[in-house]
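Participant: One letter stands for each residue in the lines below.
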Amino acid sequence: MALPPPDPQFVLRGTSAAVHTLHFSCGGPEPDIPLLFSGSENGFIHVWNLKTRRVDTALDGHGRKSVYCVETMGGKDRLLSQGRDQRICLWDLAEGRTSVTDSVFTEHVGFCRCSLLKVAQGRWLMAMAARSLEEVQILELPSKTSVCTLKPEVGAKLGMPMCLKLWQLSCGSQPVLLAGYEDGSVVLWNVSMGKVLSRLICHQEPVMSLDFDSEKAKGISGSSEKVLSIWSLNEQQNLQVYKTHELVNAGISHITIRPDRKILATAGWDHRIRVFGWRKLKPLAVLDYHTATVHCVSFSDHSNPRERLLAAGSKDQRISVWSIYAQT
Amino acid sequence: VCFIPGGLDCSISFVSHVLGKVCVHGRQKEILGVLVPRLTDLTKSDCIWQRICWRLVECVPDRWMEAVVLGFVQRAPGADVLSRLLGNLVVKNKKAQFVVTQKILLLQYGHTTAVLQNVLGYLSLDSLRRTLLLRVLQELLETWSSSSAVKHSPAEQQLYISKAILICLSHLREPEIESCRQELLTSMMEGVKCHLDSSLPQLRRLGMVVAESISLKLNTEGPVLKFEYEEDDETRELKSLLVQTPSFCVVPSLPDDDRSEKADTALPLVPESNEKSHTAALVMPDEELDAELDSDDDLVPYDMSEDKGLKIKAPVYIRDCIEVLTGSRSEDVDKWEATVKALESLVRKNPAATREVSVELAKILLHLEEKTCIEGFVELRQRAQVAVLTTDPIPVAKYLTSQFYSLNYSLRQRMDILDVLVLAAQELSCPKFHGKTKYSGAQKPSIQLLPGSDSSKDWRRIVDERIKSKTRRFNMGQSHVELASRPNEFNSVAGYFFFPLIQHFDRPLTTFDLLGEDHLVLGRLVHTLAILMYLAVNTVAVTAMGKALLEFVWALRFHTDSYVRQGLLSCISSLLLSVPAEHILADMTEELLETQSWLGDVMEKDPDGDCRRLALQNLLLMENLKKKLEAVPS
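Protein chains in written order, with full-length UniProt numbering: chain A, 1 to 328; chain B, 1 to 634.
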């Protein structure tokens, strides 16, 4: 007899706007407070204290335009945020400061979230959608120098890039980029040479979100249709469809795989969060709390596995935080 | 007829005279039936015979030239044969040139496509004659693009000219197209405009096909003009003319052709494989290779039985529907969609509630625009409107007819009003026709044209059938089974549907002038009135309606648009069918006699075939009426 799905452990209210992006920063040693960063449609980034469950700070750096991506860069003192004001801002939050130290003017008017990858101590690569319709630009941070621009060939008709994931097989190996495009295809790019390694058409509709497990060389993508597509990367760096999973309702905004690679969560347009086992994509739970589209899901990076959390941000302005499958 | 070959000098001119005389007396078929095949064979490889043949036709006196040339053109099995037989006759002889370039193409239109192919192919086969081909094309295009020609010439002639244009285009080569590019483009633009203005769908389609073909010829690469229309045999035939198959004589298909055809179908289509892009090729997960422990078994799934597809509930009360449809909450599009889909059934289930808010609902529906992309939105809206109108006919009819003549409505909305009135009237007068609409859902065409809900065509068919059945029924008795009877709901409201529509047709508004530019709407209005008249049979108001309709028809009888004239003639048919004979006799005799003479005129002289046929039908109906009245002892 299966148990009914759990209720959220707690719910964060107070953003006063739809929540578009979430990022945990809970990995620090004991005196550090576990934090959750959230970006909202009103342009604010809220820093939530997970002990008191209240907002510690609200950052206003995008001119009241929606913030749709937040990431930390090596710790909670450095934050990167991307907004609809066409800017990516780098923040310095150490010692109570709340200042923007640098910003990149992307000229991108879409919703494609950038992707960060740490390549060396103090050096990151960032992939972001550029001004031109189909291009993805790779910048090195913090120097903001352009590493390359990934342009699809003429006639490829990929459309806009919708979601990006930079990764490398191990520290020091070639960074590669997985990009999901408007035409429903996922493309694997070799970043240093700037050319396409493989392209796979996984969906009939635009790819809304993707995530990749570099250990198992398997990835998953979701779209505005009813199908989740799981694909794998073989030794020849070719993408192949591994499996598809049909959903009850169409539309996925975000997918994320937990860092231990055991489960993954999807944020759906049908207001529900779905949890699956990653190995076989076994449906595990359907978390039905929100009353509007869920925009983002994020797993926490707690060092103690039992404290791990799953957070979901929705258009109904709430952030639900769940503790689910934390015992494994 | 046998010619003496070789060496001897013979006088051909006598033979030409004989040929000419025979042809002009109408015996082309007999003489050319023998002559042409013989000459075809003889001239195939023998130059001397070719010269003889050319001399033969050149010597035919001018007064008989036309008959001879026409005969050859009709009998020749192909353009190249014609070329061998006639040579450069068109260049050398003025009369022949006139016949070939002007008479056959512009002044006559009864010839078959094969004849057109012959003539135009013949012109294209020799460099001396090609200048004539270009000139012919220009003249054809001039006619095609002239608005008065489109309005007044019969549909068959326009089809003929279109075919000729397409065949000419198929013969033109690149440098020639380049040289007359500008004229082609200008004529195409003007011609397309005139054709699209026409109220008859066949002419519009003709215009679209020809314009597409011209555009295709002008820009071989790059975007071409593309219209959206229903393909039928006519359009397919026209398009096939644009491609010239290599001209061989009509020979029974050689076995080679059959073999090559089969070879084509046997070759499987090799898909283009781009090594960088893979379509979804499923790779079955190999269970044996999974040596890892199935750690997923540790994860126990929760109960997911509640997880079902999302269903948005539509409102249950009419007033809630109104709130959703007029609501400013643009967020709730799902609810809006569900409301639009559920509205018709709600209205029909709650007549009392609907009657309280009927005019308001009608107003909302008339102005309702598509917020999201629902399938069949236009049909849903129309059905809801019909439901509202049938539930509360009088106030809603008053509202709709007043809005028809108001400012600031689009033509589409005005025609929607007419459609809704007709459908509701149909439903009210025959309850068993409950809510059946025949509407092909709105499309998103590459070039936006008014989607033609030609319910008038269906009605024409029904009226025709009724006329047919009626003309026979005078001698036979009631042979069909009586259907269950109900009070005629249309009786009490027919007047409210009809009279307001007919009242203000001659009063132009700033944005809407029925007698001026908006003749398409006038056509639809006239057809609507005809249908309403037809449906008003057995109502009390029918005689008054008949009189008003007769006056209306009389005022508009010389309208230039054929669609409007067809509507007027349908009105007369409906009138004759619906108004009881005694009332016609009592109230409308003089008017009907005048109408009869007008109908006779239309039947003889109207350029449109449909109009002539309708006029004839009306005259027959009148005859029957007269006979019926004479048969009844008064």
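Some clues are possibly wrong.
To be verified - In silico contact screen, one side only, chain A against chain B (beta carbon under 10 Å); selected entries:
1) Ala2
2) His245
3) Val248
4) Ile324
Derived from the structure by calculation, the hints contain no laboratory data.
Built from N, CA and C at the ideal position, the CB exists for glycine as well.
Participant: Indicate, hint by hint, whether the structure satisfies it.
Facilitator: For each hint, the structure was consulted:
no., hint, in the structure
1, Ala2, "4 Å, holds"
2, His245, "13 Å, violated"
3, Val248, "6 Å, holds"
4, Ile324, "9 Å, holds"
Hint check: a violation occurs at hint 2 only; the rest are consistent with the structure.
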